[in-house]
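So the protein sequences, as listed, match chains A and B.
Oh and the first sequence: position 55 is 55 in the numbering used here, straight run, nothing missing.
The numbering used here runs 1000 ahead of the 1-based position in the second sequence.
Quick caveat, the hints were computed from the structure, so don't treat them as lab data.
Since the model is a prediction, treat every value here as computed from it, not as a measurement.
Just to be clear, a hint being listed does not mean it is correct.
Output of the computed footprint for chain A on chain B, the stretches with three or more beta carbons under 8 angstroms from beta carbons of chain A [to be verified]:
no. : region
1   : 1076 to 1084
2   : 1275 to 1281
3   : 1426 to 1440
4   : 1477 to 1490
5   : 1511 to 1521
For lysine-lysine, the following PhoX-like pairs were computed, each having C-alpha atoms within a straight-line distance of at most 20 angstroms [what the hints assert, rightly or not]:
no. : chain 1 : residue 1 : chain 2 : residue 2
6   : B       : Lys-1533  : A       : Lys-102
7   : B       : Lys-1530  : B       : Lys-1382
8   : B       : Lys-1530  : A       : Lys-102
9   : B       : Lys-1312  : A       : Lys-24
10  : A       : Lys-102   : B       : Lys-1382
All C-beta atoms, glycine included, are put in the ideal place defined by N, C-alpha and C.
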Amino acid sequence: MIAPTIERDVSAIVQEAIEKHGAKRDALIPILSEINHALGYIPAEAFQEVRKQLNAEQEHVYVSKSQLFGLASFYDMLSTNPRGRHVIKFCENAPCHVVGGKAVWDSLCEALDLNNGETSADKKWTLVTTSCLGLCSVSPVVLIDDDLYGNVNPDQIDEILERYE
Amino acid sequence: MAFYRSHVLVCVDPECLAKGAHEVVDALQDEFIAQGLNDEIQVLETSRIGGCDNGPEMMVYPEGVHYVGMTPDDIPYLVEEHFLKGRVVERFREIIKPIVDEELGALRPKEVRVVLRNCGQIDPNNIEDYLATDGYQALGRVLFEMTPEGVIDEVLKSGLRGRGGAGFPAAKKWAITREVPDNPKYMICNADEGDPGAFMNRRVLEGDPHSVIEGMLIGGYAVGASYGYIYCRAEYPVAVETLNIAITQAREFGFLGKNILGTHFSFDLEVRVGAGAFVCGEETALIASIMGMRGEPHPRPPFPSVKGVWDKPSNNNNVETYSNVPQIIMNGAAWYAKMGTEKSKGTKTFAVGGNVVKPGLIEVPMGITLREIIFDVAGGIKEGRKFKAVQTGGPMGGCLTEQHLDLPLDYEALSKAGSMMGSGGLVVMDEASCMVDIARFFMDFTQAESCGKCTPCRVGTRRILELLQKICDGKGEDGDLEKLEDLCFEVSRNSLCGLGQGAPVPVISTLRNFRAEYEAHIYEKRCPAKVCKQLISMAIQPSCTGCMVCARNCPVEAIRGERRQVHHIDENTCIRCGICVQVCNFNAIAVES
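Bound-form chain A, shown alone (with noise of 0.2 angstroms):
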């Protein structure tokens, strides 16, 4: 993640976004990921900004705020609040949850006493659990940011927490 905490110009990333996918009205999804990428979230005005550069370059692909915050909301992986400068992801399906995953989620929601979905008040850290990502055979699995840890158990959380500014 391109550190989120640094003011960037919100209209410049909607810009590049639009430029690297298309003005296109299914380009929609690839574009609001790429600004969630950016900033950590989708802020209010980003929202304002892809409506209005969309429009202007391509006046027959109509989208609405509304629009674009009911795919923001749809899907998982856009978010619309403000998110920590770390998040990490737990994978809670059946694989992991059947070889210990549970014991796992405690440790870490305890070491950083913080609830599925919670940002932490110092917003270092953000806390969700994720769909399966797939590496069951490494299970439980852990992301943070973009760094996966497999085979994880209770004992190492805090070890892994420690990496992270």
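Chain B: place on chain A using the hints.
Then chain B, alone, in the frame of chain A:
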């Protein structure tokens, strides 16, 4: 171009990344800079190298030394020994075997690999590797020697059925799409493999992407389509990257684009990436998502074959289905139809997970029994425990028991037993699993993934979940099971798409096969498998030595006792986390139900 005396290739596939491959790369680079070797030695990131279960792994050329299992802390020593002193560090050395995939491993007994034949055997990022294994020859044969009808006929004769789970004959779907008098037509590949525990398609996309592309091309020729979409879930970043590389190379070699191999057939492809929505694996939802909308399903008919992407006829098959096609063309329908049962032909990939000795990816001929899969191919149940149940077909599949183990595996037999083939996830459970908890667990999943468009699924799944939670919490009452059965019936009958229709299956099948366990929860307030926290208690046995380890580790200070005296757990304070059971060195803490 810079000249390096040595190259270090570090494997950065998802498994090795999960074991810290990036940290090893960073440590290597830092150490080479520190030693002033960074102009002489190049560090490269690569895909799977060899057959080790002990990643991270790296290969040093030109010596061809294969190192595994090192941590960043080992790197300074390794660099000093190997690169400064020229001595091989035997401690980390792995004698390289023929390339074998880590997730797949060597061919197991009773396995037959058709779809997975190239996975781990070829470099997925190099089209020439695929060409060397007869890649794109089937496409050539189809374009030069066969009519579209002939292709459909051949695939029909092979008996290939949809591997996404429903089992609709692939060639029949192609024929329907072909006959719709509307153009253009589209090919869609469903690579939104969302079923927890299923990762067969990921491996095919990461290990042999061209087989999928070739299958789509052949299908496209048969159907009369000129464009295709591969819809891949965003949770598979490596698969997306591999596919994009493969598509670019296929274009360069003239297998995609205008006038393929000099014929009149033109076809191109693009990858569409999801953004995290399980329901997008449902074909109408997937199409909505390709068009940039919320991935909500709509009622069928019209089926996508008639009205799909951009309201045009769109043929939708899954990764495994397409991947079978080139081989059917190359080896003939009769070869394929020889494998399997009367109505289910060929092979099927499964991701076996849960409490088995050797979990992982397997490919077996249809008609094999669950017993053979669990005990012969996957090595049996872990730690010598007893088999209890196996869930087939993902979160909407049923839990089968001992009595179903000898069923021949095919589409019909599984649905008759109250489950389904599904995409091929197999979660094996031993006697320590509580079936009410498992049913609750799957319901929790489908409830969260329900898109909310239709009421039976949106509200019904939540009500079922609440009932299950109530039973797990020990608050179940007489009549709850009947209420559950009614709800399950209504939700599966009235929901709009496969998600809602299938959601109650784990509950229905566990109610049918493990009813006594539900009844124990409700009437005896007891969890026989000792899983449900509200129904169990911890008790310290007389064999306690009074070492105090449990008392020190208890997060709520519920354990009291003097040193060298038998300790005691205060039931009211205890949260039943089980930490004391884990830390006790004398097995003196019993879980009671």
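Each hint tested on the structure:
For the region 1076 to 1084 of chain B, the stated coverage by chain A is violated: 0 residues have a C-beta nearer than 8 angstroms to a C-beta of that chain, whereas at least 3 were required. With 4 residues carrying a beta carbon less than 8 angstroms from a beta carbon of chain A, the region 1275 to 1281 of chain B meets the three-residue requirement, and the given coverage holds. With 4 residues bearing a CB less than 8 angstroms from a CB of chain A, the region 1426 to 1440 of chain B meets the requirement of three and the coverage assertion stands. By the rule of at least three residues with a Cβ nearer than 8 angstroms to a Cβ of chain A, the coverage given for the region 1477 to 1490 of chain B is violated, with 0 such residues.
Here the region 1511 to 1521 of chain B counts 0 residues with a CB under 8 angstroms from a CB of chain A, which misses the bar of 3, and the coverage is violated. A hinted pair counts as satisfied when its Cα atoms are at most 20 angstroms apart, and B:Lys-1533 with A:Lys-102 qualifies at roughly 13 angstroms. Between B:Lys-1530 and B:Lys-1382, the direct Cα distance comes to roughly 18 angstroms. Compliance with the 20 angstroms bound is thereby established for this hinted pair. At roughly 15 angstroms between alpha-carbon atoms, B:Lys-1530 and A:Lys-102 fall within 20 angstroms of each other, so this suggested pair holds.
Under the criterion of a C-alpha separation no larger than 20 angstroms, the hint pairing B:Lys-1312 with A:Lys-24 is consistent with the structure, at around 18 angstroms. Restraint check for A:Lys-102 and B:Lys-1382: the C-alpha separation of about 19 angstroms stays at or below 20 angstroms, so the hint holds.
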